[in-house]
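Let chain Y serve as the given structure and place chain P on it in line with the hints.
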Amino acid sequence: MAISTEKLSGILQNFVTSTNDVQGAAVVTPDGLPLATSLPGAMDEERVSAMSAAMLSLGERIGNELARGTIDRIYVEGNQGYGVLTSCGEDAVFLVLANQSAKQGLLMLEIKRALTELKLVLM
Amino acid sequence: MEIMRLVVTGPVGAGKSTFIRSVSEIEVVDTDRRATDETLMLKKRTTVAFDFGRLQFGPEMALHLYGTPGQSRFDFMWDILIRKAHAYILLVAAHRPHEFRSARRILGFMKQRSQIPMIIGLTHTDCPGAWDAENIAIALGYLDANRCPPIITVNPNQSASVAEAVIALVQHSMQGCLV
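Keeping their order, the protein sequence lines are chains Y and P. First residue of the first sequence? That's 1 in my numbering, and the numbers climb one at a time after it. First residue of the second sequence? That's 1 in my numbering, and the numbers climb one at a time after it.
With the rest of the complex left out, here is chain Y:
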């Protein structure tokens, strides 16, 4: 069955608007092409997608090479907020951008929920 980009976009938009402190989200292919995005206006989706793919692949490689096991998520924390990357099945990578006031536990839980939804559409 074809992947419904409308459904993907719907899930992302819903996730971004309904989750506190989340500023943007994207689902991209492991080789760095956008599948669906809901990003802050100034961000270019092609660039964000390529960066997500590069970061996850490098993170996974580090996990492997430095014996950290299977990677659950890659986490970038800056003074303006968070960028969290999770693998979303074999064919997709999920990126979430949140501001600095996000509660980490809640954010992870919300990401987990969104992942379940996204995986259903991507299957």
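Source of the hints: derived by calculation from the structure; they are not laboratory data. These numbers were taken from a predicted model, which means no experiment stands behind them. Even glycine gets a Cβ: it sits at the ideal position worked out from N, Cα and C. Mixed in with the good hints there might be a few duds.
Claimed, not checked - Straight-line C-alpha distance at most 20 Å; calculated EDC-like pairs for lysine to aspartate or glutamate:
#, chain 1, residue 1, chain 2, residue 2
1, P, 44, Y, 72
2, P, 111, P, 75
3, P, 44, Y, 90
4, P, 44, P, 32
5, Y, 103, Y, 60
6, P, 43, Y, 90
7, P, 43, Y, 91
8, P, 43, P, 30
9, P, 111, P, 99
Claimed, not checked - Now the stretches of chain P that chain Y is said to cover, found in silico as 3 or more residues with beta-carbon under 8 Å:
#, segment
10, 24-33
11, 37-48
12, 74-83
Chain P alone, transformed into the frame defined by chain Y:
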């Protein structure tokens, strides 16, 4: 021990990852992912961050080889890698003239950020429809042969050929000529 950082760049499918794999003494750190774009016409997997290989070059020098992704959406990786490099080689598949434009774009990108020595390595020169070096130089914007960087032929699958290319690059950068 001196470390020299060399960057291997070029369009998709020029042979960058193969180049590094052929000559690295350590197991190459690669970041290959399944391709889903037009890259698929050439190969199944593509580099999304960088390749890293290492080569001992005499008792006093180690070469660190970094391979870039080919697609321009990864140009942030080009930027990261070129800023720390001492020299670079631009690989161009001689039989795919439609990619010369992308090679030229990479060249422009690198030149804007860095004046380090570079050479051009032609791959796939044994394939039907391969252009010769002079014409490729012109296609890459080197209209004056005297101002053109050294152009060599390299087969990324053969480690001897890759070693020659690496030596040519190191020699060129030692001469310190900024072509």
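Checked hints:
no.: 1; hint: 44(P) x 72(Y); result: 25 Å, violated
no.: 2; hint: 111(P) x 75(P); result: 13 Å, holds
no.: 3; hint: 44(P) x 90(Y); result: 15 Å, holds
no.: 4; hint: 44(P) x 32(P); result: 10 Å, holds
no.: 5; hint: 103(Y) x 60(Y); result: 25 Å, violated
no.: 6; hint: 43(P) x 90(Y); result: 19 Å, holds
no.: 7; hint: 43(P) x 91(Y); result: 17 Å, holds
no.: 8; hint: 43(P) x 30(P); result: 16 Å, holds
no.: 9; hint: 111(P) x 99(P); result: 18 Å, holds
no.: 10; hint: 24-33; result: holds (count 5)
no.: 11; hint: 37-48; result: holds (count 4)
no.: 12; hint: 74-83; result: holds (count 3)
Of the hints listed earlier, those the structure fails to meet are numbers 1 and 5, in rising order.
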